[in-house]
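*Asks:* Chains as they are written, first to last, in my numbering: chain R, 8 to 262; chain Y, 8 to 262.
Source of the hints: derived by calculation from the structure; they are not laboratory data. One thing to keep in mind: the hints can contain errors.
Copies of the same chain are indistinguishable here, so a pair counts whether it falls within one copy or spans any two.
Here are the simulated DSS-like cross-link-like pairs (lysine-lysine), alpha carbons at most 25 Å apart as the crow flies [to be verified]:
| id | residue 1 | residue 2 |
| --- | --- | --- |
| 1 | LYS144 | LYS101 |
| 2 | LYS143 | LYS84 |
| 3 | LYS42 | LYS117 |
| 4 | LYS144 | LYS84 |
Source: prediction; values computed, not measured.
There are 2 protein chains.
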Amino acid sequence: MKRILLTIAYDGTNYCGWQKQKMPMVPTVEAEVEKASQRLFQDSSLECIGASRTDTGVHALGQRAVLDVTTTIPTEKIPLAIRGYLPKDIVVTKAEEVPMEFHPRYDCVKKTYQYRILNTEYQNPLLRNYTEWIAKKLDILSMNQAAKHLIGTHDFKAFCAAGSSTKTTVRTIFECSVIKNGEEVLILVTGDGFLYNMVRIITGTLIDVGKGKLSPEDIPSILADRDRTKAGKTAGAQGLTLMRIYYDSSRNSLT
Amino acid sequence: MKRILLTIAYDGTNYCGWQKQKMPMVPTVEAEVEKASQRLFQDSSLECIGASRTDTGVHALGQRAVLDVTTTIPTEKIPLAIRGYLPKDIVVTKAEEVPMEFHPRYDCVKKTYQYRILNTEYQNPLLRNYTEWIAKKLDILSMNQAAKHLIGTHDFKAFCAAGSSTKTTVRTIFECSVIKNGEEVLILVTGDGFLYNMVRIITGTLIDVGKGKLSPEDIPSILADRDRTKAGKTAGAQGLTLMRIYYDSSRNSLT
């Protein structure tokens, strides 16, 4: 028996998020990965534990999940071997052996999300499932100034979807930057953890700054007020991609 | 009555190409644009004439089509006005008035297609409908050398799908270049017209060059032999995008 850590990329468009649902008819990425693993390893009791619960329509290039398997398939061959059992919108890009005590969620030290905004006069239908389309020209400089105020350890209650229950709304943002990339505006956020809808609310707030509805200097008081209604709208799920999950490489030699 | 030239962008994934089919249940982009126009202009006899017949799964950012309409809607407002009648994967990005004798197909002087290749070890599921995925590292320099041999006026019979009937297989390629763009390799081809599957066969042939299966110096003899079996495979439809259709701007002040 060994514990295998998978890196998984998926197009979330046609899934009700990552996490397996009690209703077996609800398509989720985790259910597909688990089913494919059960078939590959011929073990119907095999369970898959993911690192991050992405929402409906959210994509991933660097989701992580573990499986405990007994197999003669060499670990590095697993991405290729599982391919035939997975739908085309889910791809395992890496497999590595980890210690049996490794946990993909508890051992995570930080995560990076990317939010893609298409900032053009007309919608591009090829990007409709992967970007939030904003016709009004965004002020990238102001958005970056606003983003800087989010870096650090803060109470992000104003950036948390109402009704979600969590012990603390304090999180640490290590990086938050806004980059112009051709017709797209990319928001990259790295933090030790994220509240429900946090990156999408940060994005909606930065879009308001980019449109001139809010000023960068409004961010500290939005944080201080801890009031969800002061922050911007929740940007669409389709623009969000989970890019990378980081583990403490000194502890278990993971990349 | 005025003739309106539309510029249209679409995701071809869910359509059986541009051209309207006799079977009304076959989804085509032209049928959707025509239906939307009939509803917007309240004229059930309205017909739409497109510039280029794209195949199943092929995309467009710069398709063109004309409509003859009697309307009080200002021409520049048509893209916004038609939006509510179109599915999300079709977007009208421009409308301009043209002379009544203008024909979108016969007046076309050149067209540009882009073919996107994803050249990475693993497939990226977010790009699966928009790129051809090639795992083996492509030699861009050789591909460019091969592409240069295609520029000019040649008999492209070797680059035409078998069984297609056309008066002549001579075409002029004005530009053919291969560009590395991050993890993607882009092939840009501009010509006065294209045979059936021509850009996709050019792409398949350039991929063979990039893999080292063919050398750039093989291209002149492939052209000279006029034998489809000497050229490469037809690359997948999903990587192809019709980028732009050019008209003689001196004649009718079109962009």
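*Asks:* Run every hint past the structure and note whether it holds.
*Replies:* Each hint, compared with the structure:
| no. | hint | verdict |
| --- | --- | --- |
| 1 | LYS144 <-> LYS101 | between (39 Å within a copy, 18 Å between copies) |
| 2 | LYS143 <-> LYS84 | between (47 Å within a copy, 17 Å between copies) |
| 3 | LYS42 <-> LYS117 | neither (28 Å within a copy, 50 Å between copies) |
| 4 | LYS144 <-> LYS84 | between (46 Å within a copy, 19 Å between copies) |
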